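We have chain A already, so just place chain B on it with the hints.
The listed protein sequences correspond, in order, to chains A and B. In short: position in the first sequence from 1, add 216, done, that's this note's numbering. In short: position in the second sequence from 1, add 25, done, that's this note's numbering.
A few of these clues could be false.
Claimed, not checked - Incomplete in silico selection of chain B near chain A, CB under 10 Å:
hint, residue
1, D48
2, L54
3, L147
Claimed, not checked - Counterexamples of contact, computed for chain B against chain A with all Cβ distances above 12 Å:
hint, residue
4, V39
5, P40
6, L41
7, F88
8, P90
9, A97
10, E105
11, R119
12, R123
13, P125
14, E127
15, V134
16, G136
17, E141
18, R151
19, A163
I should point out that these hints are in silico values taken from the structure, not numbers from a laboratory. For clarity, every value in this text was computed on a predicted model and none was experimentally measured. Positions of the beta carbon are idealized from the N, C-alpha and C atoms, including for glycine.
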Amino acid sequence: MVDVVFLLIVFFMTAARFAREQRAPMELPREAGEVEQEEAAGLVVNLLDDGRIVVQDEAVDGERLETLVLAHLEAGRRGGGATVTVRADRRGSTDALNGLVRRLEELGVDGVSVGTERP
Amino acid sequence: MPFRAPRRRSLDQVPLNLASMIDVTFLLLIYFMVSTVLAPDERTLDTAIRQEREGASADARDFVPQRITVTAEGGEPAWELGRRRITDRAELERLVGRLPTEAGMVVEVHGGVPVEVAVAALQVARDAGFEEVSYVPAE
Chain A
217 MVDVVFLLIV FFMTAARFAR EQRAPMELPR EAGEVEQEEA AGLVVNLLDD
267 GRIVVQDEAV DGERLETLVL AHLEAGRRGG GATVTVRADR RGSTDALNGL
317 VRRLEELGVD GVSVGTERP
Chain B
26 MPFRAPRRRS LDQVPLNLAS MIDVTFLLLI YFMVSTVLAP DERTLDTAIR
76 QEREGASADA RDFVPQRITV TAEGGEPAWE LGRRRITDRA ELERLVGRLP
126 TEAGMVVEVH GGVPVEVAVA ALQVARDAGF EEVSYVPAE
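Same shape as in the complex, but just chain A (with noise of 0.2 Å):
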């Protein structure tokens, strides 16, 4: 019975470790954003205030960013389409994010959406 519970409360401090470090903490634009959302939303890219680039909790540098995007894109040749999606924090400068843009552009991303968190 004790080992249960002592599981029980392992399971649960583990399970709530994962659901705090799936989000980068950062604050979105604070938009009301489209109604409807056809598809997922790809690769999320976290553009921090201080400019920083974190990608699936992993901040990286151009490099390894220009890595991940082609896998990506790679992926999405394949099947299922490979849409980008940049969560820039609303504190930052459009300095860090129009720089990001132009390399996803250049990388050869045709759409990037923009995160916002609701109102």
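This is chain B only, laid out in the frame that chain A set:
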């Protein structure tokens, strides 16, 4: 000759310890949770505004798209529609709402502007009914 059916009673009474079974089940569950790479929840986020390359739409080639310029010249972030400089969002919504939407909207964004101001322009264009809204970094 008396025959007796084999006793099944002893089989029916095999004790089954459920506690250890639950124990193992939870251990397996935790093992797979820890070892599996979870698909990030971000992938199911709402996408807000699709940015496409300028001129991507084949239907609107004959028209010049509308343009909002987002700039921070003068120290204060503002939207420019034509020659008009707008700092009030309600005013921007009112003016953009009057524009024809067929040719799409280009939001040209200069550096040094808070991201939320640029995204607000995208949102205003979307809300006004523009199907094609493009985010264009200013040179």
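Next item on the list: Kindly indicate which numbered hints from before are broken by the structure, ordering the numbers from low to high.
Entry: Hint check: 9, 15, 16, 17, 18 and 19 fail, others pass.
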